[in-house]
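Participant: Chains as they are written, first to last, in the working numbering: chain V, 6 to 277; chain D, 170 to 483; chain F, 3 to 383.
Worth flagging that the hints you see were computed from the coordinates, not collected in a lab. Treat the hints loosely; a few may be bogus.
[Unchecked claim] Part of the chain F face toward chain D, derived, beta carbon under 8 Å:
| hint | residue |
| --- | --- |
| 1 | Val208 |
| 2 | Thr220 |
| 3 | Ile333 |
| 4 | Asp369 |
Predicted, not measured: the structure shown is a model, and the values here were computed from it. Every residue gets a Cβ at the ideal spot worked out from N, C-alpha and C, and that includes glycine.
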Amino acid sequence: MAETLIPKIATPATTLTAAKTGTPLIEIENLSLYYGAAKALKDISLKLEEKVVTAFIGPSGCGKSTLLRCLNRMNDLIDNVRIDGAIKIGSHDIYAANVDVIELRKRVGMVFQKSNPFPKSIYENVAYGLRLHGFQSKSELDGTVEQSLRNAALWDEVKDRLHSSALGLSGGQQQRLCIARAIAIKPEIILMDEPASALDPIATTRIEELILELKKDFTIVIVTHNMQQAARISNYTAFFYIGELVEFDVTAKIFTNPAKKQTEDYVTGRFG
Amino acid sequence: MSKVQSRHFRAEKFDFWSFFFSGLTGLATLFILGILATILLNIIVNGWSAISWHFVSTIPKKDFFDANTTGVLPMIVGTSFRVIVMTIFVIPVGVITAIYLTEYAPNTSIITRIIRAAVNNLAGVPSIVFGLFGLGFFINFAGKNLDLLLHNANAVWGQPALIWASLTLAVMTLPVVIVATEESLKAIPPGLREASLALGATKLETILRIVLPQALPGIMTGGILAVSRAAGEVAPILFTGVAYYMASLPAHLSDQFMDLGYHVFVLSTQSPNIEQTRPILYATVLVLLLLTFALNFVAILIRARVRKKLRALG
Amino acid sequence: MGIHRGHQARPVEWLAEKFIFFVSLSAILMVLLIFLFVAREALPVFFGQTNTALVQKPIPPDEMDKHSPAELQAYLELTPDEFAKTERKTLRALMDVKLEAQDDIPEDFRNDPDARINTTEWKYLLQSHQWNGYDKPEYIWQPVGQIKKFNIIPLFVGTLKVTLIGLLFAVPLAVGAAIYVSQLARPRLRETLKPAIELLSGIPSVVVGFFALIVMATVLQSLFHYQTRLNAFVAGLALGFAVIPVIFSIAEDALTSVPRTYTQAALALGASRWQTAWQIVLPAALPGVFAATVLGFGRAIGETMIVLMVCSASVMSWSIFDSARSITTTIAAEMAEAVNGGPHYRILFLLGALLFGATFVSNMIGDFVIHRFKQKLEGKR
Numbered sequence: 006m007a008e009t010l011i012p013k014i015a016t017p018a019t020t021l022t023a024a025k026t027g028t029p030l031i032e033i034e035n036l037s038l039y040y041g042a043a044k045a046l047k048d049i050s051l052k053l054e055e056k057v058v059t060a061f062i063g064p065s066g067c068g069k070s071t072l073l074r075c076l077n078r079m080n081d082l083i084d085n086v087r088i089d090g091a092i093k094i095g096s097h098d099i100y101a102a103n104v105d106v107i108e109l110r111k112r113v114g115m116v117f118q119k120s121n122p123f124p125k126s127i128y129e130n131v132a133y134g135l136r137l138h139g140f141q142s143k144s145e146l147d148g149t150v151e152q153s154l155r156n157a158a159l160w161d162e163v164k165d166r167l168h169s170s171a172l173g174l175s176g177g178q179q180q181r182l183c184i185a186r187a188i189a190i191k192p193e194i195i196l197m198d199e200p201a202s203a204l205d206p207i208a209t210t211r212i213e214e215l216i217l218e219l220k221k222d223f224t225i226v227i228v229t230h231n232m233q234q235a236a237r238i239s240n241y242t243a244f245f246y247i248g249e250l251v252e253f254d255v256t257a258k259i260f261t262n263p264a265k266k267q268t269e270d271y272v273t274g275r276f277g
Numbered sequence: 170m171s172k173v174q175s176r177h178f179r180a181e182k183f184d185f186w187s188f189f190f191s192g193l194t195g196l197a198t199l200f201i202l203g204i205l206a207t208i209l210l211n212i213i214v215n216g217w218s219a220i221s222w223h224f225v226s227t228i229p230k231k232d233f234f235d236a237n238t239t240g241v242l243p244m245i246v247g248t249s250f251r252v253i254v255m256t257i258f259v260i261p262v263g264v265i266t267a268i269y270l271t272e273y274a275p276n277t278s279i280i281t282r283i284i285r286a287a288v289n290n291l292a293g294v295p296s297i298v299f300g301l302f303g304l305g306f307f308i309n310f311a312g313k314n315l316d317l318l319l320h321n322a323n324a325v326w327g328q329p330a331l332i333w334a335s336l337t338l339a340v341m342t343l344p345v346v347i348v349a350t351e352e353s354l355k356a357i358p359p360g361l362r363e364a365s366l367a368l369g370a371t372k373l374e375t376i377l378r379i380v381l382p383q384a385l386p387g388i389m390t391g392g393i394l395a396v397s398r399a400a401g402e403v404a405p406i407l408f409t410g411v412a413y414y415m416a417s418l419p420a421h422l423s424d425q426f427m428d429l430g431y432h433v434f435v436l437s438t439q440s441p442n443i444e445q446t447r448p449i450l451y452a453t454v455l456v457l458l459l460l461t462f463a464l465n466f467v468a469i470l471i472r473a474r475v476r477k478k479l480r481a482l483g
Numbered sequence: 003m004g005i006h007r008g009h010q011a012r013p014v015e016w017l018a019e020k021f022i023f024f025v026s027l028s029a030i031l032m033v034l035l036i037f038l039f040v041a042r043e044a045l046p047v048f049f050g051q052t053n054t055a056l057v058q059k060p061i062p063p064d065e066m067d068k069h070s071p072a073e074l075q076a077y078l079e080l081t082p083d084e085f086a087k088t089e090r091k092t093l094r095a096l097m098d099v100k101l102e103a104q105d106d107i108p109e110d111f112r113n114d115p116d117a118r119i120n121t122t123e124w125k126y127l128l129q130s131h132q133w134n135g136y137d138k139p140e141y142i143w144q145p146v147g148q149i150k151k152f153n154i155i156p157l158f159v160g161t162l163k164v165t166l167i168g169l170l171f172a173v174p175l176a177v178g179a180a181i182y183v184s185q186l187a188r189p190r191l192r193e194t195l196k197p198a199i200e201l202l203s204g205i206p207s208v209v210v211g212f213f214a215l216i217v218m219a220t221v222l223q224s225l226f227h228y229q230t231r232l233n234a235f236v237a238g239l240a241l242g243f244a245v246i247p248v249i250f251s252i253a254e255d256a257l258t259s260v261p262r263t264y265t266q267a268a269l270a271l272g273a274s275r276w277q278t279a280w281q282i283v284l285p286a287a288l289p290g291v292f293a294a295t296v297l298g299f300g301r302a303i304g305e306t307m308i309v310l311m312v313c314s315a316s317v318m319s320w321s322i323f324d325s326a327r328s329i330t331t332t333i334a335a336e337m338a339e340a341v342n343g344g345p346h347y348r349i350l351f352l353l354g355a356l357l358f359g360a361t362f363v364s365n366m367i368g369d370f371v372i373h374r375f376k377q378k379l380e381g382k383r
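Bound-form chain V, shown alone (with noise of 0.2 Å):
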């Protein structure tokens, strides 16, 4: 538990910049994204290393959750948005024509700003993923049910309840159900837009903790405004501001000695 308060600062092993070190998961290249005639994104290249937590962070309109959104393809879903560059998954552009983006969503799990359970039962919740892909016999589905809320931490609290809505949880529940759901159909990347924000700061700690537990397992890329936050649990942060990408390095780097005078005064506090 005291540890979790402590700002989690990534081992010495991986001080080195991000690039050189593990195998890239996730390769953005030149990437730029219109909203109409309006630049959003200004030709970013990043490259995100596999089971590491990611933090994106700046301020209010700097494209952190855009970019995230690009990574999933959920931009799709906007009218009149249009993309230059690349992005690599796996070595797999997923932004190529002949891309399945269902396929590629259940590969790279979200989990959002504002919970969003289902109007369903807990379980109903967690299995509806479960559900679309194939998963029909009770006990299997039980059993991974069972499983993901164990690993969402929330088990214990609900596991007298699983049939009753999902909309009478706590807002910290709420997220962790969605967490839950997210990691039940064993994605490869958990993308989190702000999945704290909106919660009370005990809340919040729980969700922190089980990013950390997740990392075993998952790639996980994380939206967040609170610096506290990306400084606790990340390993690697990158800066934005106004759709550029300034700085990407090592967490402590980043907070202790960023090498833009831009980070430094985000990081200190005296903008944004």
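Once you have looked at the hints, place chains D and F on chain V.
Facilitator: Below, chains D and F alone, put in the same frame as chain V:
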């Protein structure tokens, strides 16, 4: 200091115009409610004494102006039949159109705007024009051609029939269903759709498993509103299926039928002796009103709920 | 990662999407079909292919070839389709029948100039004509009898008369109530009043017509002591009942959608609730109120059963205490007796097409005004 205080507490000056106009608009409201109450009370009071089990369960003889022997069973059956058949056609088409408009259609595309304009216009077409359309299209075109194909040009479908009246009403009530369904689809938080899509559900799966179950009350409201609108309509069925008198209940889609609303029209304008017909006239009107009002009331209740939800989101 | 499967992998999804798209086009299809099929039945009148002249200059069957096909077709009262399908021999037989029919015309009409008139020509549909036995030109709608008179002007006058009475009665009441409900009533009262007034739209028009016929007509006659018990005034008032909820709903919606910041600014400056409503909200919502009136007009000219039940004699008169016959009433009352495909039938469809056109235009105007109004409020213009 004291002067300021006393000014502060002085009663508002009596403003004649404010009083006058507030009173006038209030009176307008009261007057409308008065009309409503008068119509309803007049019908309920006069109708209640004339209504009986015998009346609603009897198939009348040819002379249905006789207060002692007449009944409205065939009219109740006819009206119910035609709205049920109508519902079967209008709900799927209306719901699917609403799904297209809210879930698939790009907001800015020309085709979407044309669909919306068409829906709006359809809502404003006079009911008698629907009647002409039913006669010109369903009976004289579709029906006649069906007969040519299936019945050696013997008139089976090429004449007024239950199915044509129902289809005409379905076209008429299509906007009602579309608008109500759209409203309830829009009330569903976009976050739910995103959550489902982010789990790798296809659009269709998201609509079938998440969106539609949530929209069900709205769809029901649309259906009920359409039914209550159609139940009292007479003009569109005048040339498309209603019969002045039938000795038996309608049994086939190609049969004609008797109808409550049309019967009210017949009783009030064709009666040889209006004083004698008055009680059964009132009773028939009451039966019609009970049917449409009960439906309307349910629809308004459900709609209020959906609206509240919508407002909570906005 | 195996994400390369492409959309071809989901044919059901693709099919469903196409299916949904095509079903959603049905609203457009229906509007087109309505226009097409109502207009189709009316077209022969439009192009002068109907002929009601009782005495026609007979064409002897032997002279068949001296006339153009178009002339023959009009003479035999056939549609182009029918004419094309009919064999020459049958055409000749039809011409014989036509010739014999001329002999059956009663002696009286032989020398009547009116009997030689094709009353479905535009001239007779729209202009007054001095018919035999009348001492001045008149507008007459009289579709029965030997010489059928189809002047549609009395029906226009009747429709306008009843509609204007209805609107004059309904607009002030409905807009007044809309102002009261949206601006002056307390929220809780508002929540009750609004559905109550909208309940009025749930009363079927045949019931409103019945009420006007059985109750209102008698009460109003004893109040105003006019001659004809069933007249345009009664019909107009009853019509007003039917359009009040339409106008009320749209006007109330427009008044409510005026941003609260406007009213709060006015109230903060010390304006009374009434002053705010009258000087700030109503002017801002005026386009919406106008649209409500236009849409109410569209609804009123299309209303059938009320006018049909309350007054139906077609007389050319602007007096509100005379009877009036509207376009809708005429269609509803006469379609049953009109011969399918005959001139009367076609003219009734022509009336329907005109009605459709009129409501189409008023709906377009109403919707356009509301659209502009909402955009303006949202600051898009």
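Participant: State for each hint whether it applies.
Facilitator: Verification of the supplied hints:
1. Here the hint on Val208(F) is kept, as its CB sits about 5 Å from the closest CB of chain D, short of 8 Å.
2. At a threshold of 8 Å, the smallest CB-CB gap from Thr220(F) to chain D is about 11 Å, leaving the interface hint violated.
3. With a least beta-carbon distance of about 5 Å to chain D, the hint placing Ile333(F) at the interface is held under the 8 Å criterion.
4. About 5 Å separates the beta-carbon of Asp369(F) from the nearest beta-carbon of chain D, less than 8 Å, and the hint is met.
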